[in-house]
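Throw the hints in and build the complete structure from the sequences for me.
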Amino acid sequence: MSINLLRLFGGRSATAPVARERLQILLAHERGLLGQPDLLVTLREEILAVVSRHIQLDPDKVIVKLERGKTVSTLEVDIEVPNGFEQMVRGGRRAAGG
Amino acid sequence: MAKVLVVTSGKGGVGKTTTTAALGAALAQSGQSVVVVDFDVGLRNLDLVMGAERRVVFDLINVVQGVAKLPQALIRDKRLENLWLLPASQTRDKDALTDEGVGRVIAELKSRFDWILCDSPAGIERGATLAMRYADEAIIVTNPEVSSVRDSDRIIGMLDSKTVRAEQGERVEKHILITRYDPARAARGEMLNIDDILEILATPLLGIIPESQDVLRASNVGSPVTVNDAASAPARAYFDAARRLGGEQIEMVVPTERKGFMNRLLGRKAA
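In order, the protein sequences belong to chains A and B.
Anchor point for the first sequence: position 21 equals 21 in our numbering, and the numbering is continuous, going up by one each time.
Anchor point for the second sequence: position 139 equals 139 in our numbering, and the numbering is continuous, going up by one each time.
Don't read these hints as lab results, they were simulated from the structure.
Built from N, CA and C at the ideal position, the CB exists for glycine as well.
Check the hints yourself; a few may be wrong.
Okay, the calculated beta carbon distance ranges per label pair [what the hints assert, rightly or not]: (1) Leu-39(A) to Ala-107(B): 54 to 62 Å; (2) Asp-78(A) to Glu-167(B): 33 to 41 Å; (3) Gly-32(A) to Thr-98(B): 50 to 58 Å; (4) Glu-53(B) to Arg-31(A): 20 to 28 Å; (5) Ser-52(A) to Ala-2(B): 48 to 56 Å.
Here is the structure:
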């Protein structure tokens with residue numbers, strides 16, 4: 001209220017609320033980045049290990065992303081598998097069985 | 001029980017060295033023994049702000065490397081007999097500091113002083129991480145300005161993860177000290193106000209140091225502002241902060257300049 005009055009008389013707008021809002025958004029993002037890399041690295045390694053037990057994978061083709069939303073966040077796991085991986089599975093089983 | 005306190009910020013130029021000198025002198029004036037340690041190897045300035053620049057013979061690096069003994073490197077303040085300075089080296093770089101060596105020097109200082117104030121360099125590199133490494137408490141010096149608040153947030157994260165205390169599952173007690181604060185500009189909405197900063201950083205407040213020409217005046221003559229003009233607004237704010245460090249409960253006010261009648265009549269000085 002007082003800020004609005006000052007705005008009327010002073011002609012210059014208050015910039016502090018803008019600063020505050022920008023900081024809040026930025027820091028929420030940066031704290032997430034700093035807090036999460038370990039979690040994502042762990043998830044990626046464990047997912048890679050589980051899937052690799054059954055399918056031969058190129059480790060570089062396993063992408064794990066965490067998107068933060070206001071109410072929900074999504075964990076996106078993108079794994080590219082080579083064509084004909086079924087044969088590789090069977091081949092693997094035979095090798096293991098023999 | 002000796003306390004190790006790091007004065008840090010991430011951002012440069014916010015007032016770490018001024019604060020280290022002013023608080024060190026304020027604590028010493030209350031009768032406690034204090035050493036201020038400059039960790040800004042290669043860019044030392046605490047000696048200059050304390051007016052001891054011509055008395056530096058040995059420095060922190062010499063002690064860390066065993067070239068000099070600690071008592072040879074400690075410089076006693078000319079004005080306060082229980083205030084001492086351990087200067088940084090001006091000719092070496094921060095890689096000359098080792099974790100183990102700093103730990104040894106801090107342990108020795110703890111056996112001699114009530115307070116060990118570590119003046120951190122700006123940044124988040126080796127000098128800054130070693131300055132905070134052995135801290136029991138931390139003062140995060142913050143200006144009411146977006147880049148300073150962002151860097152303070154980063155430093156708070158490091159205090160919670162990279163210190164010996166954090167690694168042992170204990171916590172470093174953290175305090176925000178807001179410097180260069182202009183109450184009039186904050187009231188006009190031109191400057192982040194105290195509540196905004198504290199809410200964003202979620203860390204308790206140690207004190208508010210008003211923007212003042214007395215700070216520059218004191219550093220010009222090489223004297224902590226709490227010694228140079230103890231009645232000035234920034235000095236009073238630093239004395240309050242020092243008492244809060246000692247556990248006293250003191251009402252949080254921003255001391256103001258005592259203006260003459262004509263000044264008051266003509267309004268504030270140009271910012």
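Here is how each hint holds up against the structure:
For the hinted restraint 54 to 62 Å between Leu-39(A) and Ala-107(B), the CB-CB distance of approximately 36 Å leaves it violated. At about 35 Å, the beta-carbon gap between Asp-78(A) and Glu-167(B) stays in the expected band of 33 to 41 Å. At about 34 Å, the CB distance of Gly-32(A) to Thr-98(B) disagrees with the hint of 50 to 58 Å. About 40 Å separates the C-beta atoms of Glu-53(B) and Arg-31(A), a value inconsistent with the hinted range of 20 to 28 Å.
In this structure the supplied range 48 to 56 Å holds for Ser-52(A) paired with Ala-2(B), their Cβ-Cβ distance being about 54 Å.
Violation of the numbered hints given earlier is confined to hints 1, 3 and 4; the remaining hints are satisfied by the structure.
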